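Position chain B relative to chain A; hints supplied.
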Amino acid sequence: MELAIKNLTQIRDILLRREASVKEVVTECLQVIEKTEPQLNALITTCAEQALEQAKQMDNQGPDPDKPLWGVPIVIKDVIATKGLRTTCASKILENFTPCYDATLVEKLKQAGSIILGKTNMDEFAMGSSTENSAFGPTKNPWDLTRVPGGSSGGSAASVAAAQAFASIGTDTGGSIRQPSGFCGIVGLKPTYGRVSRFGLIAYGSSLDQAGPMTRSVQDAALMLQVIAGHDPKDSTSSQKDVPDYVQSLQKANDLKGIRLGYPSEYWREGLSPEVKDCCEQALNKAKELGAEIVPINLKHTPYAIATYYIIAMAEASSNLARYDGVRFGYRDKDATELIEMYLRSRSKGFGEEVKRRIMLGTYVLSAGYYDAYYKKAAQVRRLIRQDYLDALKNCDLICAPVAPTTAFRLGENIDDPLQMYLTDIFTISLNLSGLPGLTLPVGLGQETNMPVGMQFFGPAFGEEIIFRVCHVLEQALPGPGYPLGI
Amino acid sequence: MSISKEDVAKIATLSRLSLEENKLDQFAGQLSSIIEYMQKLNELETTDVEPLYSPVDQTTVLREDVVEKKFTREELLANAPEDDGQYLIVPRII
Numbered sequence: 001m002e003l004a005i006k007n008l009t010q011i012r013d014i015l016l017r018r019e020a021s022v023k024e025v026v027t028e029c030l031q032v033i034e035k036t037e038p039q040l041n042a043l044i045t046t047c048a049e050q051a052l053e054q055a056k057q058m059d060n061q062g063p064d065p066d067k068p069l070w071g072v073p074i075v076i077k078d079v080i081a082t083k084g085l086r087t088t089c090a091s092k093i094l095e096n097f098t099p100c101y102d103a104t105l106v107e108k109l110k111q112a113g114s115i116i117l118g119k120t121n122m123d124e125f126a127m128g129s130s131t132e133n134s135a136f137g138p139t140k141n142p143w144d145l146t147r148v149p150g151g152s153s154g155g156s157a158a159s160v161a162a163a164q165a166f167a168s169i170g171t172d173t174g175g176s177i178r179q180p181s182g183f184c185g186i187v188g189l190k191p192t193y194g195r196v197s198r199f200g201l202i203a204y205g206s207s208l209d210q211a212g213p214m215t216r217s218v219q220d221a222a223l224m225l226q227v228i229a230g231h232d233p234k235d236s237t238s239s240q241k242d243v244p245d246y247v248q249s250l251q252k253a254n255d256l257k258g259i260r261l262g263y264p265s266e267y268w269r270e271g272l273s274p275e276v277k278d279c280c281e282q283a284l285n286k287a288k289e290l291g292a293e294i295v296p297i298n299l300k301h302t303p304y305a306i307a308t309y310y311i312i313a314m315a316e317a318s319s320n321l322a323r324y325d326g327v328r329f330g331y332r333d334k335d336a337t338e339l340i341e342m343y344l345r346s347r348s349k350g351f352g353e354e355v356k357r358r359i360m361l362g363t364y365v366l367s368a369g370y371y372d373a374y375y376k377k378a379a380q381v382r383r384l385i386r387q388d389y390l391d392a393l394k395n396c397d398l399i400c401a402p403v404a405p406t407t408a409f410r411l412g413e414n415i416d417d418p419l420q421m422y423l424t425d426i427f428t429i430s431l432n433l434s435g436l437p438g439l440t441l442p443v444g445l446g447q448e449t450n451m452p453v454g455m456q457f458f459g460p461a462f463g464e465e466i467i468f469r470v471c472h473v474l475e476q477a478l479p480g481p482g483y484p485l486g487i
Numbered sequence: 001m002s003i004s005k006e007d008v009a010k011i012a013t014l015s016r017l018s019l020e021e022n023k024l025d026q027f028a029g030q031l032s033s034i035i036e037y038m039q040k041l042n043e044l045e046t047t048d049v050e051p052l053y054s055p056v057d058q059t060t061v062l063r064e065d066v067v068e069k070k071f072t073r074e075e076l077l078a079n080a081p082e083d084d085g086q087y088l089i090v091p092r093i094i
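Order-wise, the sequence lines are chains A and B.
Using the working numbering, the first residue of the first sequence is number 1, and each one after it goes up by one.
Using the working numbering, the first residue of the second sequence is number 1, and each one after it goes up by one.
Chain A on its own, in the form it takes in the complex (with noise of 0.2 angstroms):
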């Protein structure tokens, strides 16, 4: 575990300078892939040839210090196309799946140099808070075994906290890089809606999803985000806004003298347990003592975010998943003898039933005689809850809250009530509705369960440098989660 424990950012040195072979650093990797993943069940697929063959011909070749990445082994979510590479969803009606290309960020990474382990476990089109909607089984936190590793992307938090590899891309469509980011106590970052490419990702709600950095560190988010960062001309809503250098940027970050922190009370009191509350108080005690103001500010319609999210996203959801209809790939039933019946077949055994459920509930909200009612009622909402962080915005630089109400919760507690399992993102929802980025940052382990807590920092449109500028001042003065201890 010597090398495998290290962050990115220092076995890419490591690498650079030769101090270790690319073949040793994959083989470690594989080594505890090999030892961890009969509990975790974090990773759908493994490439581990591929990847010794690769680690072999970068090693005969020598380092290449115009890849920031050389080197580097990674994993990716199973929602994010990877050329000649299974692409599942974690679900079953892809179970086949294998894209003949590659997603942008994919082919940016691999310009980057980074070595692709495997494709990570998930909730079932990215569609879940826990990891256990996966046609793959659930994954497991390394942290305790009895507990979920947060959701959709799970696989990549547990994966990346229980060093498989050194990084992962997840998505976050209402929270799914960041929730479980903090439930596994490491680094993970929703940037800007259109600062990553979205060529590639197997679509959930498009006006949401967004791709991005789930790592060991602030440093390593940064250098992961450089990289995939960027316009697209594949993706017409990627921005054209050049991307700054977000590394270098962090070299500056010494205190966090003049830095207004705002601080949403209708964050701050709801559900919210005494462990977490307590864990998040101490964090912003830290970044007051290291000089940064904290504002009060107003999110008013917070209470309204998961009614909005969810009536959006599964309206786009219906949308986006009527292309699996087993014409063209995917799952198809081979008893049905006419095309509406193969369709119905086809859907009904391949689909998941969390995907059902918001197939079908986006449908309803979409159709005649509905759609004034909640659709673009919540269309409506959403521009009220995003104006609310834009005024807030005007009065703070950051706005800080913490990633869930309570640390990672028991397999199967949530399982069987979807509306309770909906109400856990209460704390992510809103940011995804607004567009804006947001870091999971890991602030300490709560006092009762012993597990990681997060905390969210989240910033103006394009304003991820000021977030890890911040962020990496306040990591460096926390005690840090640590490794887990369930496996």
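Read the hints as simulated data drawn from the structure, not as lab findings.
If you're wondering where the values come from, they're calculated on a predicted model, not measured in any experiment.
Where is the CB? At the ideal position from N, CA and C, for every residue including glycine.
Some hints could be false.
Some, not all, of what chain A presents toward chain B, calculated at C-beta under 10 angstroms [to be verified]:
hint : residue
1    : 108
2    : 318
3    : 327
The following block gives chain B in isolation, referenced to the frame of chain A:
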């Protein structure tokens, strides 16, 4: 607002899903409580609020419509459940 078993069956058909009888009951209960929760939005007056469908301010960006041959027929058919090497095969329609 309550969603009946019959409503669920109708929504399922519109969604191109077929559900077993016991699932109709289960989904009727779950969908009713979720839709009831969503009624919360009616507490807000939104008559003059412009809907926000996307967080992106830019108007639709179009690129040049240039034909590129990026994939072979074999690559595109590789994931098809049934094909004859030239075309996708589906059950008889007419």
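Results for each hint:
1. 108: violated (18 angstroms)
2. 318: Result: holds, 7 angstroms to nearest chain B Cβ.
3. 327: Hint holds; residue 327 of chain A Cβ to chain B Cβ min 6 angstroms, cut 10 angstroms.
Of the numbered hints listed earlier, the single one contradicted by the structure is hint 1.
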